[in-house]
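Colleague: The lines below spell out each chain.
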Amino acid sequence: MIAPAQPDLVTVNIDGQEIAVPKGTNVIEAARLVNVDVPHYCYHPKLSVVGNCRMCLIEMGMPAVDPATKAPIMDPATGKQKINWIPRPQIGCGTNVSPGLHVKTTSPMVKDAREGVMEFLLINHPLDCPICDQAGECKLQEQATGYGRGYSRFVEQKNVKPKRTQLGPRVTLDDERCILCSRCIRFSKEIAKDDVLGFVDRGSYSTLTCYPGKKLENNYSLNTVDICPVGALTSTDFRFKMRVWFLKQTNAIDTESSVGANTVVWSREGTIYRITPRRNDEVNDTWLADSARVLYKAVKAADRLAATETTEALVARAAARFQSAPGANAGVGSGRSTVEEQFLTRHLATALKASAQLVSRVGQGDKLLVSADRNPNVRGALVTGLIKTLPAPQLTDLAAQIDAGKIKVVVAINEDLTAAGLTAAQLANVSIVYLGAHANATSAAAKVVFPTLTVFEKSGTFVNQQFRIQKTLKAVPAAAGATDDLVVLAQLVAAAGGAALPADIAALWKVIATEVPALATMTFANLPETGLVLDATPFAALPFVEGETLHYKPAQPAVAAATA
Amino acid sequence: MAVITVERKPLTFLERTYLPQIAGGLKTTFKHLIAPKKTLEYPEQRPAIPVGYRGVPTLVKDPNGREKCVSCQLCEFVCPPKAIRITAGEIPADQADRAHVEKGPQAFDIDMLRCIYCGLCQEVCPEEAIFLQNQFSMSGYTRAEMVNHKDRLYELGGTLPDAHHKWDKKKAAEEHGNAH
Chain A
11 MIAPAQPDLV
21 TVNIDGQEIA
31 VPKGTNVIEA
41 ARLVNVDVPH
51 YCYHPKLSVV
61 GNCRMCLIEM
71 GMPAVDPATK
81 APIMDPATGK
91 QKINWIPRPQ
101 IGCGTNVSPG
111 LHVKTTSPMV
121 KDAREGVMEF
131 LLINHPLDCP
141 ICDQAGECKL
151 QEQATGYGRG
161 YSRFVEQKNV
171 KPKRTQLGPR
181 VTLDDERCIL
191 CSRCIRFSKE
201 IAKDDVLGFV
211 DRGSYSTLTC
221 YPGKKLENNY
231 SLNTVDICPV
241 GALTSTDFRF
251 KMRVWFLKQT
261 NAIDTESSVG
271 ANTVVWSREG
281 TIYRITPRRN
291 DEVNDTWLAD
301 SARVLYKAVK
311 AADRLAATET
321 TEALVARAAA
331 RFQSAPGANA
341 GVGSGRSTVE
351 EQFLTRHLAT
361 ALKASAQLVS
371 RVGQGDKLLV
381 SADRNPNVRG
391 ALVTGLIKTL
401 PAPQLTDLAA
411 QIDAGKIKVV
421 VAINEDLTAA
431 GLTAAQLANV
441 SIVYLGAHAN
451 ATSAAAKVVF
461 PTLTVFEKSG
471 TFVNQQFRIQ
481 KTLKAVPAAA
491 GATDDLVVLA
501 QLVAAAGGAA
511 LPADIAALWK
521 VIATEVPALA
531 TMTFANLPET
541 GLVLDATPFA
551 ALPFVEGETL
561 HYKPAQPAVA
571 AATA
Chain B
3 MAVITVERKP
13 LTFLERTYLP
23 QIAGGLKTTF
33 KHLIAPKKTL
43 EYPEQRPAIP
53 VGYRGVPTLV
63 KDPNGREKCV
73 SCQLCEFVCP
83 PKAIRITAGE
93 IPADQADRAH
103 VEKGPQAFDI
113 DMLRCIYCGL
123 CQEVCPEEAI
133 FLQNQFSMSG
143 YTRAEMVNHK
153 DRLYELGGTL
163 PDAHHKWDKK
173 KAAEEHGNAH
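If you're matching them up, the sequences are chains A and B in order. When you read off a place in the first sequence, starting at 1, and then add 10, the result is the number in the numbering used here. When you read off a place in the second sequence, starting at 1, and then add 2, the result is the number in the numbering used here.
Read the hints as simulated data drawn from the structure, not as lab findings. The C-beta atom is built at its ideal place from N, Cα and C for all residues, glycine as well. Please note: incorrect hints may appear among the correct ones.
Said to hold, decoys possible - Examples of chain B residues lying across from chain A (beta carbon under 8 Å, computed):
no., residue
1, 68
2, 126
3, 128
4, 129
5, 169
6, 172
7, 180
Stated by the list, open to error - Subject to a maximum C-alpha distance of 30 Å in a straight line, what follows is the list of computed BS3-like cross-link-like pairs (lysine-lysine):
no., chain 1, residue 1, chain 2, residue 2
8, A, 149, B, 11
9, B, 63, A, 251
10, A, 484, A, 310
11, B, 173, A, 251
Okay, chain B solo, but in the shape it has when bound (with noise of 0.2 Å):
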């Protein structure tokens, strides 16, 4: 294997002195202290969350205020560390606001000491019930403290804006009575 010798060219004087150089570092570190500070002053002050971001799952609520996840498990089929877990229930039929939909979570958890925020769970709802919103911070001393149960996902998410109006929909058909 043929060796090329790289000829290493000889410092100046100037160089030499190492002055330059120091002069040019001190400029940075004068230039930051009197430029506007970039750090925040965290946990006080929070950094603006740009729009998709991906952060803690949560689950939201229809301007209704009714649950809008029906169970289906696509999230948990389609998670791939497998934080999801989900036991459905049924919506019994006395439920007036609710009947049509027939079907909830009974439990939903999310493991986040599994969750590796991908948003696939976003992705696949078909109901859109399920985001990941703006929280980025989980803390918990044990590993049971770090698993979302399905009252903590619901007060993590919020109502969000329906564009769909499915049952209010469905609803409204049932009124107008097509069939008897």
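Chain A with its partners taken away, still in its complex shape (with noise of 0.2 Å):
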């Protein structure tokens, strides 16, 4: 069968293997694709190529052809078309594939030129590994490990400079480990478009600094930390703190706003240590905000609730008071919840008669990765129909009604009350069954508390603003004297007479796919790691208040169309 011809594809042989690839790809992409490992530290797949380290050099030669006649020259030992090997070795990431090149990374010329290099990087690093953070995910460790000499042929003094600059607030710089290979000032300049970071002096002088009176303080600065190939920059939360063999890696999602980062949570024997971005091209490309990162200190926060007494007396207690006042309840959900607590919230809803409200939460987005819809599952909320409209900062409507006498049981989930703007009279004239996991002024008032999970201790999904429904792992234990949100909610809808669901994650999404057209074909455990996009014609004509960021434009025309 003949492939029909695809004219943006480029055909080039690497170590003997043919592939086709787009235009435009350099080698060590291209070489990826054929699990060729070509070793890298300046080159990174979402900046600009700028080739200064040297390490990603390849042998490359073009098929012969002719001079004079254009027609190509047969070598007779093999009867394929000649190869004019270039005879100096050439940079990976700059050159970029043109049909029938032919790549090797694995000639002696290539060894030689990779052994060079990496014995002019070690030349004045510290090789203090004991004691750095990077250790165990640093590239020039790696490389070392395949192109080190295993010995020093240097006898003069190493370079001493300073092992501890801070460079902001999060980030800290040991300048001996620095291979300047610049990709932190191109992230700075690219992507966080706050250039602070730059190279002053010349030589092994050459040093890394922050332009005068600046600092390296923009909400993206430890994306600078994950990039940096070596011990150089780390951050100043997790230096020291444990080594990164220690830690078990559970993929999430970052739920500060309705972005969705694609995140790994890094934790051991209970106790997260960091937050890292994880590779999601549709998404967050490779980057994660600085805010993201901190979320992890909830889990052990100093006002997390606890329980006095078992699930089932609080469950016990809290149906009291719902047959209390028949009809005489509301619900307020959150827009932090996942996706399966939104349906069983909305479950609750109907076996209690009641109506069921979100508190809005919206800030300024920037552009990147925080949008300034700060609530990260609205739109998990449309989907599962917990929802209809968008929600409101305030609970204007749920205020009167309480002045009015018409509400006097109030379920709230996760959310603040007095944030969303009921006073502290409102509250104390109504029985408050809340859900949460860090005392407020709400649980504080509440008759019924069952203290939950954070977001690191359950699993669950989330639809972000692309409408992309995306799963998140349980990474550490329940703290002690918590509960399953699951699990409390399923046992309030059976207490509140609604139907008997479970609170297992798996069986639940089974009742989800009969009950929620838009998730009818999905199982938890088949959601791909990268997410998958719902259909949002649904909600088009609803005025969504995020704006542009990182992969998402908000679809102005429906709105305009459905306000005109």
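Taking the hints as your guide, dock the two standalone chains into a single complex.
Modeller: This is the structure:
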């Protein structure tokens, strides 16, 4: 069978393997497609190419043609077209593929080049791997294993440079370890648009530094730590806390806004030590806001709620409240709950014949990875049918109904009602059943308090601003005295006279698939790592608050058409 | 299955009297009665410890009295019974003789009820800071007593000669002043 011609594909030969790659791909990326690793430091797929580390040197050649006739010159020994190999190595990152390009990544010349580059890089490297936080995930360590000499021919004194310069509130620089790859400089300039970093001085005196009078303090500064191939830039928060090889990695979702950046949560023995980005080219590329990396501190916060009674006793008390005022119940769900919790909240509201609403939380979007809507899952509530319209920041309707005496019981899930505009007097007038992880004015005023889990202690799904449903997994076990939100909600639904629903996430998804048409074909287990985009057309008329962010453009025409 | 009957030789007259055997046994008894003593009056007398003996793991200091451990936690990682527990800490920049080291153990606990004296911690240590030395008897009345904390580990370890003088070299390089 002859494959149809694809004009944008270029066939190249890497270590004898033919592969067709899109035009404009560089040799490192093309080699990655045939599982050939080209070591590199300065090249980063999401940043511009500078080619200053020289680690990705490869040998390349082009098919030979007769200069006069342009006829291919054949090699009689092999019967194939002769390859004119360039006698010097070329950098793989700065070389884009061209038709017929031949590349060798394992030839003696390439090995010599890599060993030479490694030896020069290690001349002034302090080799303090036992101290360095990057040890275990350090590219220099990895390549030294493959191309290092094992001993040093350098007998002179090594450079001694400052080892703990504070570049900003969250980033510490160790100058000795820096290999001058300039990834951090390019990131600050190209992605964070805060061009504060640069090199000063020459040769072995070269030093990374901030522009005088400025600091690396933008909300994306910790991405420079992630992309630093060595241990030069380290996170001040994570510094010397834990070695990376002890940490368990759990895939999760950033819940600070509706962007839903993909993350990895690193934990050991039930304690989370850091959060780093997970590459998703449709959502966050390889970046993550600094503000998303401190969210784990909520797990061990001092104001965590802990139960003094069993969940069954609490459910019985809540059920008594529900029955004391039939028809006068209200539910306040949360845009920070998972899809599963919102689905159960909808069932609870139906069982109580109560209205359900959300509280919106709007901030300033930064056009990158923090959107204006600080609720990560408003769209999940729309998809599951918990709400029909977008939430308001203040619960004015609920306040009016409480003042009118129409509402006697309020179920608040993860939402502080005083922050949503209810007064202490209004809270005192109703019986509040509160579900939440942390103490606040509402939990203090509540008659029944269910201590529940933070997002790091449970699995679930979130629907981000692109209507992409993504899953987050449980990283650490539940805190003592806290119960899974799903267990509490399922028991409350049953106590309120609703259907018996499973609290187990896999079983619950079977129910969700039957009841929510948009999620009919899904299960929790088969949801892909990069998420799944749902059909947004039923909600196209809603005036969502998000502005433009990375990989997201608000659907302005639809809103304009709806308002016109 | 074939059964092989083994012919048992009948005892000779002398063997039937048992006297040669009794005499042989008494010879051994009397030999040891007059031979020099082999047992030691433990604990007053202690045995000579052979080279390479693996006793209680200890932390050692370098000849300048500085702690060598930089809390890289490789011993914690390699320890098969998970007897070692380290909490890392930062060495403040104002400690003149250790400012370059940056990192040291805040807490270093070895649970001797778990330790199997395998010596992997000593083998893996990149700073030559942990050694299984000659101390072989550990006793205590409670489980807590059997956990050696950092102070106790340094007390047991003492100071060992150092072949590398890593931090002295670092200081010399700094004073040499290649970079400003």
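Colleague: Taking the hints in turn, state whether each one holds.
Modeller: Comparing the hints with the structure gives:
no.: 1; hint: 68; result: violated, 14 Å
no.: 2; hint: 126; result: violated, 10 Å
no.: 3; hint: 128; result: holds, 5 Å
no.: 4; hint: 129; result: holds, 6 Å
no.: 5; hint: 169; result: violated, 11 Å
no.: 6; hint: 172; result: holds, 7 Å
no.: 7; hint: 180; result: holds, 4 Å
no.: 8; hint: 149/A <-> 11/B; result: violated, 78 Å
no.: 9; hint: 63/B <-> 251/A; result: holds, 23 Å
no.: 10; hint: 484/A <-> 310/A; result: holds, 15 Å
no.: 11; hint: 173/B <-> 251/A; result: holds, 26 Å
The structure is inconsistent with the numbered hints 1, 2, 5 and 8, although it conforms to all the rest.
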